[in-house]
Every structure is written in C-alpha cells, then in structure tokens.
Amino acid sequence: MLTALDKKLLQEIADLHGDPPGAFNIRKDGQGIQRRSLEGIEINPKSDQPGIDVIVSAGKEGTVHIPVIMTQTELSDLVYNTIDIGPEAVITLVAGCGIHNPGSGNARHDGVHEIIVRQGAHLVYTEKHFGEGEGGGKRMLNPKTLLTVEEGGYAELELVQIRGVDDTTRVTEVEVKTGGRLVMYERLLTDGEQTANSDVLVKLMGEESTARIISRSVAQERSMQAFNPRLIAYGPGRGHVECDSIIMDQAVVRSVPEIWAENADAELVHEAAIGKIAGEQLIKLMALGLSEEEAEEAIISGFLK
Amino acid sequence: MLKLDNISLEIEANDRKVKILHDINLEFEAGKMYALTGPNGSGKSSVTRVAMGIYQPSEGAVIYNGEDITTLDVSNRARAGIGYAFQHPARFKGMPVKDMLEYAFKYSSGYDCQVLRDLGLCPEEYLERALDNSLSGGEIKRIEIATLLAQDPKVRMFDEPEAGIDLWSFEQLIDVIGASHREDTTTVVISHQEKILNMVDEIILIENGTISMRGDRETIWPKIKESALCGCRRSCRLEEEEIYADCPR
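Same order as they appear, the protein sequences are chains G and F. Quick note: my numbering has the first sequence finishing at residue 305, numbered continuously throughout. Quick note: my numbering has the second sequence finishing at residue 249, numbered continuously throughout.
In short, the hints are calculated from the structure, not lab data. For each residue, glycine too, the CB sits at the ideal point set by N, CA and C. Take the hints with a grain of salt, since some may be wrong.
As the list claims (entries may be wrong) - Under the rule of at most 30 Å between Cα atoms (straight-line distance), these lysine-lysine pairs were calculated in the DSS-like manner: (1) G:K276 / F:K17; (2) G:K276 / F:K19; (3) G:K60 / G:K138.
Said to hold, decoys possible - Far from chain F by the CB rule (all over 12 Å, computed), these chain G residues: (4) K7; (5) G18; (6) L75; (7) D84; (8) E193; (9) Q281; (10) M286; (11) S301; (12) K305.
Stated by the list, open to error - The calculated label-pair distances, taken between Cβ atoms and stated as ranges, are: (13) G:H17 / F:I11: 46 to 56 Å; (14) G:K305 / F:E171: 26 to 36 Å; (15) F:A61 / G:V183: 53 to 63 Å; (16) F:D68 / G:E221: 34 to 44 Å; (17) G:V183 / F:S136: 21 to 31 Å; (18) G:K305 / F:N208: 18 to 28 Å; (19) G:R254 / F:K223: 52 to 62 Å; (20) F:K17 / G:S104: 51 to 61 Å.
Model the full assembly from the supplied sequences, consistent with the hints where possible.
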C-alpha cells in the first residue's frame, strides 16, 4: 500500500499519479513493493543480488516505470538493475529516485543500471532525482549507468536533479556501436552546501556512430559541481559535448570536457562555458515587468528546460 | 506623458567618468510618434535607457504622468506602462519563445500569439523554439519587437527596430509599429531609416550627447540630410534617395 508520502515522491520523480501505465516496479526502502510485467516486458527480481531484470522482447512498444523511493533515515540501499531492450523495440523507461529523509542520519541510494539497447531499438530513458526531509540528515544518490547501444540503436538519456540532493556522484558509461546514436541531456541544480560530480564516458565504436551530450547546470549558494564528460571515437564517429553552467553566489563549478579521437575521420567537438546570469537577460525580463528575483527564476528555469 | 527634465548622464569607463548626455530636455506626448536619430555613439540609446530606468541619470529627473519616477527601477517602470525593444536582444539558452511571450503578456491583455504573425513569424514554427543562437539576428529581433507589442505599454521605445531585419520584414515592421500606435500611446523610435523618420510627428537629432535639432519632419529632415553630408558622400555621387545610414562617414 502506498502512503501519501510515497505518492508524492513518485509524482516528483516519475510524474506518476496513481498506478503507472504499462509495466512497472516500485522499490521502497530497499525492497520491491509493487511490480507488473506485461506480455513482451518481463520484470523479475534478481536471485543473486538486490535489483531487477527488465527484459523487453523484440519489436515491443511500451512504457516501463522503475522508480525507487526512500522514506527512512539511516538507510543505505544498493541496487543492481539490468535492462535489455530487444531488437527494434521502442521503449520509454522512467527510472529515478526520491528520498524523504525524516531524521538526522543519512539516506543513501546507490543504483547501478546496466542497459543494452539492441539492434535498431529505440530507448528514451529518464532518470529524475529528488530529495527532501526536515531532519537534517543527508540525502545521497550515486547512480551508475552502463549503457550499450548496438548497431542502429538509439538511446536518449535525460538525467535530471533539481535541488534537494546533498551529495551525488553520477557515473555514466556508454558504448555506441556502428550506426548507433546517443543523445544525453543532463540537468542539475545545486544549492546550499550540496556537491555534485558527474563523470561521463562515451565511446563511439564504429562508423556512423554518433553522440550528443548536453549538460546544463546551475550552481547556487555554496554548492560545488564537477563535470568530466569524455568522448572517445575509435572509428569514424561524430560527437558533440556541450557543458554549460550558470554560477551564482559563492558556488564552485569545474568543467573538464575531453575529446579523444583514434580515427582520422572522426569529428568531435566540445564546448564548455561557465558564467553568471547576463545583466542584459535580467534587464530584458525586468523591462517586461518581472522583478529581479522573478527574472532570475525565469532565466534558470528556461536554462534547465 | 513622459518627460526628461534636464537629464545628464555620466558613466564610468576605464576608471574615469565620461559624460554621455548633457542637459537633455524632452517631452513625449500621448498620441505622438517621435524619432531619435543621430550618429552612432551620439547618445540616442542612452536617452531611452534613462527613460526606461536602465541608466540612472547623474542629474535631472524623469517625470511620467506628472510623477517623478527617477528612482523607480526598471520592473516598476514597466508595470507603470513604459516598454523597451532592445537594439541587440538578449538570447536565453533553453527558454522557449512561448515563455517569453507569456512574460510579456503578464501585465497586459491575455495571451495571443498573433503578435508573432504580425511580424511574419509563424507561431507554430516559433513558439517552442529556444531564444538562443539557433535563431538568426532578424528572427530574434522580430521576436523582441513582438514582446513589446504583447506588453502593449503606454510608452513604447524601439531601439533601432530595423537593425538586422531584411527589406521585406522592414516594410511589415513599419506597418506594425504604425498600426499599433494609438491616441493614448507614445511611440519613440531610434532610427536612421528615412521611412521611419517619415512616419513620425517629430524628429529629434542627438549629437554628442545633446539635442542639436528637433522639429517636424518637413522642417527637420532636409537639415539633417544636409548636416549628414560629408565629402566622401559627395564624391560617391550618392543619389538623393540614398538613406542617411549608408553614409560611410
């Protein structure tokens, strides 16, 4: 039975109101509490370690929700999920973790997702992180996503964390094979004393494999962010990395994109920028009647859209 | 409606104070259209920026409907009915055109994307697009003007609305500025374009931070053209209808 708090967390991270459509698995405080498989989308608990296997058959179309919620303090949850998207399948997968830490102890979730997008399959993967709690205990989230995009496959990752998570180290490793395509959006807002680290490694393995990594972040107050997106082309692939951060107050942002080619026909580009909100942007919105605070909020919410 | 009373403006550049405007006295009346013209760097934009509250004058007062608004900030002047379309519109990564229009309509009438159509932009094509570098100079400029039309302020200031706009859109732009001008609004256009100067009630020539000439179109335009002539222009044998902005001086 889901409590009102559970439902609120699910709404925050997965935009869920009531039962998810399609197949789903809800994990709460270290245990699977609700699960539904469908024909062509099997969700089974792992027998040897905590976590689930999601197996999608060839050509299947549908949605899968696998949110994790944590409502206790002094809890550390480690989970391994394996997601196998069969050839030519078209799947939207919503993961994510919401923590409500009511006490002064830490609540920590470490999730390892191993995903394979098989030949010609299409995956849109959303992972949203949310944290709250009144007890002063830390909310910590450390997701690790290991993704393989096979020949002609397409994967779109949207990784979002807006406020509320005190400490995060995000690792994303992707291997894109011949003709595979990856688009990755990362959006992050930290405030207070929060820290966020994001390490991304994308390997373009073959011909016509492409990757686009777009990272947007806002660092407020005394928070710290570090980005290290690396893009390696072993063959004639094409890739673009764009890291853009708005820095405010006493925050610290470190952005170190790296591109690395091992083939003369590879085309790789990186762009990185850190800067404050431009005065001309504020003035424009204020000239429409918004207060300075409203203008700042509008710029940030547009930037993180 | 809006009065600049003995305005002087000093700004700091390279650690020293530079006087940009000297004793500017102007009164913009309701129902009238004005053009501010003059060479680059003469102070035209500074005049309108003081009126909008972007610059604080070092001397003088800004009076709006009889009230001294010199210390009022940009937001409050906008809410009071003063609006500005910028010469170089800011770009906003991620922010869709739709959101900007919603902000523009916040203190005016209900949301209507017709303002985009009026400027030759198809809303279906533009509403979801981000106001970033993917838009051309002409596109972002037309969106900027659309936001001022959406805001529908009583005092409308257009800072070089023609800059970056192609000829076809320029004709449309003039029509839109003219058609949206009403008896209860004041329109101030910074421009070098003869067609814009032709449509206004009064032309004000700003040179070296002061008003050097002002008057109605018939009396002032020939004088401006004459004063703008330079040896280079004469030697180029430019025709009469060549516009002032083309002079390479």
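Against the earlier hints, flag every one the structure doesn't satisfy and list their numbers going up. Checked against the structure, the hints that fail are numbers 3, 9, 10, 11, 12, 18, while the rest are satisfied.
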